[in-house]
Amino acid sequence: MKVLVIEDEAELREIVKDSLVKEDYIVETASDFRSALDKVSVYDYDCILLDIMLPGGSGLQVLDLLKKEGKSDNVIIISAKDSLDDKLKGLELGADDYLTKPFHIAELNARIKAVLRRKQRDGKNTLEMGNLVLDLNERSLSINGESVPLNRKEFDILNYFLLNKNRLVSKNALAEHVWGDNTDQADNLDFIYSQIKNLRKKFLVKKAEVDFEAVYGIGYKLVEK
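Under my numbering, the first residue of the sequence shown is numbered 2, with each subsequent residue one higher.
Be a bit skeptical, because a hint or two may be false.
No farther apart than 25 Å at their CA atoms in a straight line, the calculated lysine-lysine pairs in the DSS-like style are these [as the list claims (entries may be wrong)]:
1) 114 <-> 3
2) 90 <-> 69
3) 154 <-> 198
4) 226 <-> 208
5) 72 <-> 90
6) 172 <-> 203
7) 203 <-> 166
8) 72 <-> 3
9) 208 <-> 166
Derived CB-CB ranges, DEER-like [what the hints assert, rightly or not]:
10) 219 <-> 35: 33 to 43 Å
11) 215 <-> 65: 40 to 50 Å
12) 19 <-> 44: 14 to 24 Å
13) 214 <-> 36: 37 to 47 Å
14) 167 <-> 59: 30 to 40 Å
15) 62 <-> 150: 38 to 48 Å
16) 225 <-> 86: 35 to 45 Å
Simulated from the structure, these hints should not be mistaken for laboratory data.
Glycine included, each C-beta is placed from N, C-alpha and C at the ideal position.
Whenever a hint applies, use it, and build me the whole structure from the sequences.
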């Protein structure tokens, strides 16, 4: 898998590159607007990490070019917390995800893996595990062919876990992905436990073949029984 890191901060760029190389990705980098344009115009990448603030131009201009070429669905924007307008604009231009600085490398790796798994679905609009089928277009869940009602947060949580099935998802990563950047101001993450508890009840009633495996003090895995 080939990843392009577009980031002008040299230290962060090298840290990200080194971590991805250890994950056996082929990694290329660009440090400014012009070099980023040159690379995305000539080469195809499985995932692109895109900073918004670049010397010589904006990452949003790079994203606009990618959208015109049908490549914007494999982009993860990495930018500062205070750039909400850029975040919204980036998502409107088709970016797949958004990660705020500073971030943990483990969280970045998880986001990249999620993007790659979505690409590998070859356009399928469902996620499946055991006897669960999550329809991404209808935002609905069925277990053994029976419809199971979900609220918006339950759907988003289950979607995230199905993209990271059998992988440990930290509470912080889940909170940021589902509830947004303001979760770092919360006193605790008990609201995550409540949502997981509700999903478990629904799984039990419908005899789901999957369950959430708690890893004390860290988070959860979605695993098959």
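Tested hints:
1. Note on residue 114 and residue 3: the hinted pairing holds, with a Cα-Cα distance of about 12 Å set against a maximum of 25 Å.
2. Restraint check for residue 90 and residue 69: the C-alpha separation of about 15 Å stays at or below 25 Å, so the hint holds.
3. Our distance criterion of 25 Å between C-alpha atoms is met by residue 154 and residue 198, whose separation comes to about 13 Å.
4. For the suggested pair residue 226 and residue 208, the alpha carbons sit about 11 Å apart, so the restraint of at most 25 Å is met.
5. Distance hint between residue 72 and residue 90 is fulfilled; the C-alpha atoms sit about 16 Å from each other, no more than 25 Å.
6. For a cut-off of 25 Å, the pair hint linking residue 172 to residue 203 stands: about 21 Å separates their Cα positions.
7. A distance of roughly 18 Å separates the Cα atoms of residue 203 and residue 166; the hinted pair therefore holds under the 25 Å criterion.
8. Note on residue 72 and residue 3: the hinted pairing holds, with a Cα-Cα distance of about 14 Å set against a maximum of 25 Å.
9. Pair hint residue 208 plus residue 166 holds up; C-alpha atoms about 18 Å apart against a cutoff of 25 Å.
10. Taken as a hint, the range 33 to 43 Å holds for the pair residue 219 and residue 35, whose Cβ atoms sit roughly 42 Å apart.
11. Distance hint check: the CB atoms of residue 215 and residue 65 are about 43 Å apart, consistent with the given range 40 to 50 Å.
12. For residue 19 and residue 44, the hinted distance range of 14 to 24 Å is satisfied, since their beta carbons lie about 21 Å from each other.
13. Separation of residue 214 from residue 36 is about 44 Å and conforms to the stated range, judged on CB atoms against 37 to 47 Å.
14. A hinted range of 30 to 40 Å holds for the C-beta pair residue 167 and residue 59, which are about 38 Å apart.
15. For residue 62 and residue 150, the hinted distance range of 38 to 48 Å is satisfied, since their beta carbons lie about 42 Å from each other.
16. Our hint of 35 to 45 Å for residue 225 and residue 86 holds, since their Cβ atoms are close to 42 Å apart.
Going through the hint list in order, the structure satisfies each hint without exception.
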